[in-house]
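Protein chains in written order, with this note's numbering: chain A, 96 to 458; chain B, 791 to 1294; chain C, 9 to 316.
Rather than coming from a laboratory, the hints here were simulated on the basis of the structure. Glycine is no exception: its CB is placed at the ideal position from the N, C-alpha and C atoms. All the given hints hold, so there is nothing to weed out.
Cross-link-like lysine-lysine pairs, in silico, BS3-like; alpha carbons within 25 Å at most:
hint, chain 1, residue 1, chain 2, residue 2
1, A, Lys323, B, Lys1171
2, B, Lys1060, A, Lys348
3, B, Lys1187, B, Lys1171
4, C, Lys251, B, Lys1060
5, C, Lys96, A, Lys446
6, B, Lys1134, A, Lys348
7, C, Lys253, B, Lys926
8, B, Lys1174, A, Lys323
9, B, Lys1099, A, Lys348
10, A, Lys323, B, Lys1187
11, B, Lys992, B, Lys972
Just a sample of chain A residues kept apart from chain B, beta carbon distances all over 12 Å, derived:
hint, residue
12, Leu143
13, Ser290
14, Ile451
Here are some of the chain A residues that sit facing chain B, going by a computed Cβ distance under 10 Å:
hint, residue
15, Gln322
16, Lys323
17, Ser338
18, Asn346
Below, each chain spelled out in residue letters.
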Amino acid sequence: MTQSLKETLQLIPVFSVFIGSIIDNVKKIWAQLLSIVLAFLTGAIILLVTGYSPIDAYSALLVGSFGNITSIGLTFSKATPIIFTALAFLFAYKSGLFNIGAEGQLIVGGFAAALVGISFPDLPSVIHVPFALLAATLVGGLWGLIPAVLKVWLGAHEVITTMMLSYVASHFTSYLVTYPFKAPGWVPQTLPISSSAELPRLLPSLQVSVSLFLSFLLIVITWYVFQKTSFGYEIRAIGLNSSTAENAGINVKRGMIFALVISGAMAGLGGAGEILGVHRRFIDGFSPGYGWDGLAVALVGGLHPVGVLFAAILFGALRSGGIVMTRVVGVPLDIIFLLQALVILFVATPKLVRYIVTRGNTK
Amino acid sequence: MTIAIEMKGITKSFPEVLANEQIDFSVNTSEIRGLLGENGAGKTVLMNILYGLYTPDEGDIFVNGRLTEIDNPAMAIKQGIGMVHQHFMLVPSLTVLENIILGNESTTKLRLLNENKMLQDVSNFCKRYNLHVDLKATIYSLSVGVQQRVEILKALYRGADILILDEPTAILTPHEVEELFKAIRQLKTEGKTVVFISHKLKEVLTICDTITVLRKGKVVRTVNADETNQTELANMMVGRRIITDFKKTLQPSSQVIFKVEHIKAINDRKLPVLNGINLEISSSEILGVAGVEGNGQTELIEVIMGLRKASSGTILLENTEITNMSTRERRSLGISHIPEDRHKRGLIPDFSVMENLILGSHNDPQFTKWGFSFNNAEISKYSKNLIKEYNIETTSKDASARYLSGGTQQRVIVAREFSRKPTLIIAAQPTRGLDVAGTEYVHLKLVGMRNQGVAILLISADLDEIWALSDRIAVLYEGKIVAIKQPKDTTQQELGFLMTGGSS
Amino acid sequence: MTTIFDVITVGLFAASIRLATPITYASLGGIFSERVGIINIGLEGMMLSSAFCSVAISYFSNNPWLGLLGALLVGLLLGYLHAILTIKFSTNQIVSGVGINLFAIGFTAYMSQIIWGSRGASESVNGLGVISIPLLKDVPILGKIIGTHSPLVYLMFIVTAVSYIILFRMPIGLRIRAVGEHPAAADSAGIDVIRVKYLGVIISGMLAGLGGAFLSIGHVNLFVLGMTGGRGFIAMAAMIFGKWKPLRVFGASLLFGFADALQIRLQSLGILPPQIILMIPYIITIAVLAGFVGRATPPSDYKPYEKE
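The shape of chain A in the complex, shown without the other chains:
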């Protein structure tokens, strides 16, 4: 008894340092956390006003996202593409550009992957999968190249062009999968991809695929690029003050193009992950707005690769939990989008959060 007590006592200093570092980090991100809390509070008000119990709704959300292993799998599965699109937004943002067309880049990337997945039935997995991923990366990158070139050479504002291309992507792939590439049957979708192109699931019963690890890898790579490479340094310089960057010999035009292309490529890769890992074919409308989630997640994550991870899990939880919430409590699924929008607005406005808190204190 005394032996184990001694051991336990020895753990206390270690434990307190650990707790201390968590508290430290929490202090740094308290604004983000508070924003999330405020968003959910506002959501709760909306739920109440429209006749639902926030407690029932939120607990259903919780159960549906983390209640059992299947839920957790679903949460991470939903989080995966969001990580890709969030990193895409982040990467472009660092160079000073607003890529709000990640949704379209994701879609075309997914289609490219599907096409490769269908068209080469005899390739061994070890070649087929990277090939499909490469196709997605290239096509997603192309979808980022167009607005990049328009911006850099013609001054066209990328917010509008990426947005427009997103609509184009959606309609164009819809066309492709309703006519030329349509599989027999009613549903606008392609044939299934060959099994050699599939990204394996982590557990057969779960929806989450190896694509999750790919997203983790991308997080690490993004972090590394901006923390430790001269390329990331140049991108940041361009984003913060492009005139100074230019004067220092940095090729601003080239940097901006690279940033948007990489951004599009990342989103495209996310689309590939969905097609090769989850759906195993291209289905019209397969993305319920992952591109938009990505934007929110990038902001909520403090525009930091690691923050993106946690924020993506939150949003993945919203999506997976939302299904249960709708089924069990009857709340329309769209409350999730409301919550997301509220989170964005609160997170992007730290001054507002501070204002609410100080007013609350003085009352």
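Following the hints, put chains B and C in place on chain A, whose structure we already have.
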């Protein structure tokens, strides 16, 4: 003799600094008062308080003997106080007339703008004060001197009896300065009171009746202009003696390091801005380029640095043609640049001091492993050394560059550019916005580099600076070098004359 | 065999004017916001929310005019939200706009479900109907194009003219332009910069509200999820194309209205697959931006204005 303005016990602090400390400042009617001080001495803050742009923490303001509260410019204007700022408060796409009447518009019965009436009113006003401007011209088409005239008109039109001029001569040619002084004297005879903020000692002594010197937020003394001189004023401003005499240890060598031949270029509006520039600089030489802003200085620098393409002509650095090289290549061949606008082209405010110090050299093998991965230990060491060597005042190398003082920011840029062991330094308005101590520092460093064999192209609108530092002086007018003279063969008057297109 | 005359009909031009209406309102709104220095990416969301609210109010009250009032109110509120976020709390303008758009999507879908129990469209409601201008409607050809329209279409012409007069012929317009381009100068002239900025953004919200109201109760008399279909963004392109000047922007909106009408006409003729045709307006927008922005500089500095 009435007291036009009296400021008593004014105190104002900002997060990092106590800008004004218990300042007593009073000016009589019809007096021209100079307000002298270094950057950070608090003179602009004090006048911004008078104009309602800031509110003081403590203290009272009396206008014409009455205690008044001035919470915003509208209230200051009502009290008869007008201010002409250093950076003009003119809306570029609007006309002169629109800028003058802004906030005071006359309307017709239908609540529409009554252009004719406003045109009439302002024209009459201009006639009275003998200040003539084309009322229908848009601001961005006007020269700086004319824009300033518009600013003065604007203040007078709103009923200013007390006029605050903030660094009015910073961007004027000697001729335009003469015109300005004539206008100020005219205003004095009309009973107006003028406060002249400046750190141009010579001009302050010329135009002002009395001079108040501020230092570190406090009043040093107020003196009569005819009872003092430049040296005394400078010492009051800084608290110690200033170096004005630069020891040039070497003569310029005969080896020409840098040549610009027949360079032509067009500006952003597709108009020709450089019309055949010819220059030569030898090692250990400072070639000063004097000229009024807007005659092609900015574009010339851009062409030399590779930020703008020349339409014809060649540039040679040590006999290598660099005309079509990228900025990066030119820098790697040994060109360093102190930009004229440090916020726009010199620093990245949200980068740390360390990150700013390696800007431009961030791809060097010294700092990168495998060509792209940063060697943080080396970069750290390098920055710490530079901070020490150049005496950069900062809490740490990781502090953000945004909150450094102007002088410190310039030191960061100087440290970065000079330590790369350049062959040629382009120094553009290197002491703009710097105080006396900061200016002294940059000048010393420039001469120091010159003495080590570096060729320096000094481009400045400050004729005193050009005069003090240059071995030869070139005059830039309308995109051409119209004259190259040695200081001993000319006068500042002649240079001023050439700068405005006169021919010698 | 379909000929060009099957495509270019009188009906096409009438439809162009009709379809230009929401874009005109939104782009005029965009002008007011940008001219005070605030980018309003949230036009899309403001239109969508107003489209929804006008239908909802019309549904409960059976009075479409109340619905119109509601649309104006919603536009005002959302404009005020955008203003307060970007001006008072210094939120990034684009983020605030995107947030408003997402909020609109979520809110309208959620409330649609609550009210009508459907995630697609609402029930039909009383709309504003159309009016015919007495002599005009009998003029050959022109009468068919312009003689009979929703009142909001005729209002569009008036609002365009009024916008021009306000911006370029009235003191407040002068102040708006000054505040957007050089807020410090306006401040120095004694103008309440913050108040003018709020005004500009709120006006933009209300105009977007009119545009949204037209889409629903002025046209199809119901609400469909996402019925704005990117028109808020197309309106921004029209605004840039028209160099932030009301009369030119109106011309640009007519162009986009024509593209929209063309797209619908081609779809009904079945010449090309619907999805391809749906892409047309978006591709035209991109082409417009690519072709014309080099010469167009926005009228403002978009930084938040802070005094000490």
